[in-house]
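Asker: Modelling step: build the complete structure from the supplied sequences, incorporating the hints.
Okay, so the sequence shown: first residue is 0 according to numbering that gives the first Met the number 0, each after it adds one.
In case anyone wonders, no lab produced these hints; they're calculated from the structure.
What you are looking at is a predicted structure, and each value in this text was computed from that prediction instead of being measured.
Even for Gly, the Cβ is constructed at its ideal location relative to N, Cα and C.
Zero decoy hints are in this set.
Each pair of labels, with its calculated beta carbon distance range:
| no. | residue 1 | residue 2 | range |
| --- | --- | --- | --- |
| 1 | P76 | K173 | 24 to 30 Å |
| 2 | A75 | R247 | 16 to 22 Å |
| 3 | L80 | P348 | 55 to 61 Å |
| 4 | I164 | K350 | 36 to 42 Å |
| 5 | G261 | K350 | 28 to 34 Å |
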Amino acid sequence: MGSYFSNKPIVLFVIGSLDVGGAEKQIVSLVRQIHDHRYCCYVFVLHQGGPLKGYLLERGVQIYEGGLKKGDIARAPWKLLFAEWKLLKIMIYLKPTIVHSFLPLVTFMGALAGRIARVPLIISSRRALGKHQERHILLRPFDLLANRLSHCVTVNSKAVWEDTIHRDHIDPKKMALIYNGVDSLTFESAQPFRGETRKKLGIKPRERVIIVIANLILYKGHSDLLKAARKVLKHIPKALFLLVGEDRGIGGNLKRISIDFGIASKVRFLGLRDDIPQLLAVSDISVLPSHEEGFSNVILESMAAALPIVATNVGGNSEAVVNGVTGWLVPPKNPDAMAEKIVDLLHDPQKARSWGKQGRKRVNKKFTIERMVQEHIKLYKGID
0 MGSYFSNKPI VLFVIGSLDV GGAEKQIVSL VRQIHDHRYC CYVFVLHQGG
50 PLKGYLLERG VQIYEGGLKK GDIARAPWKL LFAEWKLLKI MIYLKPTIVH
100 SFLPLVTFMG ALAGRIARVP LIISSRRALG KHQERHILLR PFDLLANRLS
150 HCVTVNSKAV WEDTIHRDHI DPKKMALIYN GVDSLTFESA QPFRGETRKK
200 LGIKPRERVI IVIANLILYK GHSDLLKAAR KVLKHIPKAL FLLVGEDRGI
250 GGNLKRISID FGIASKVRFL GLRDDIPQLL AVSDISVLPS HEEGFSNVIL
300 ESMAAALPIV ATNVGGNSEA VVNGVTGWLV PPKNPDAMAE KIVDLLHDPQ
350 KARSWGKQGR KRVNKKFTIE RMVQEHIKLY KGID
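Answerer: Quick look at the structure:
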C-alpha cells in the first residue's frame, strides 16, 4: 500500500527531538537504512533543530517540525495543541501507511492523530522503564491512552517488556520486542587511530582511560561514578576519567564534587561530542553507572569497540552484558562495588582485552543494526 506521494509505503516517524539520545540515534539509524529502499520515510519532530537532524537531511528525508523550543512543554504547554494540530494535518496530507512514535507524551500525540487520520498501522515505542510515570504523574494517563490507541507497542528489552506489562497492564499479544542495534564497523574502523587520537586529547602514554558516555542527568549516576573514581585513583593514580554527554543541569555540581574530592585533574568533562567511535578507541574500560536503563546504546557501542564493561545491574543492562564474560554488573548506587570492578579490570589488562573481544563478538551476533532493521521491516510488513 502506497500513496500518491510514492509507490512505496509511507512511514511517518514521530519523536520529541533530534538531540543525541538512545531513542533518537536508533530512529536515525532505522530511517537511514530503510528510506528509499523499501519505504518512503518522513519524520515529525516536536522540537526545533537538534544535532541529529543533518544525518536525516543528507539521506533526503523530509523533516517536519512542531515548532517547540526547549522548555516550552513546561513553560507553554498550550503549544502542544498547535503541534498536535500540525501533526494531524501532516498525516491527512501524507496519508502514511504507518505511524511510529517514540517516547512518553509523543507516543500519545502520534497515536491520537493516527487514529483521527485513520492510519492503518499505529506503533508506539517504549524505550525505558516507566520511572518517568513516578517523576511526572501526568505522563501515566498519556502512556495508557497511547497503548490503547496503538495497534502495536514495541519495546527494546525484556526488562522494558515486563515493566510495561506490570505498570500499564497491556496485553502482551499487542507488544513486540526489538533490541537496539549498532554498526560495529563504525567502531572497529576507529581503532587504528587510537594512538593519534590519544595525542590529540593530550592523554599521556601510560594513562588508563575510563569512559562514561551519558548525558548529565541525575538518574545516570555520575555522582556515584565520581565517588568510585576517587577510590580507583587511590589504587591506580594513572587512571583518567572521560565524561561525555550533554549537561542537562547537573554539570556544575559534578565539577564541584570532583574538586572537593581532589580528583578534578583526573576527570574531564567533554560535553556533547560527535566523535564517539574515536573516544571509545582511546579508552580502556566503559562504565555505565545509571540508576535506571531501558536498553543502553552506549553498552552496545562500547562492546562494538571491544571494551570491557562495568555497568549497573538495572533494566536491560544484563541482557547486553554477560557478567564475568564481557564485563561486570554491579548494584546501582554502589560506588564501592563499581570501583572494585574497575580496579579489577585495570589490574588485569589481558582479561580486559579478552572480555572486550567477547563483547564485540556478542554485538556482531545479536545486536547488529541489520537485525534491528530487519525486525522492524518484518513488523511493518504486517500491513504494507
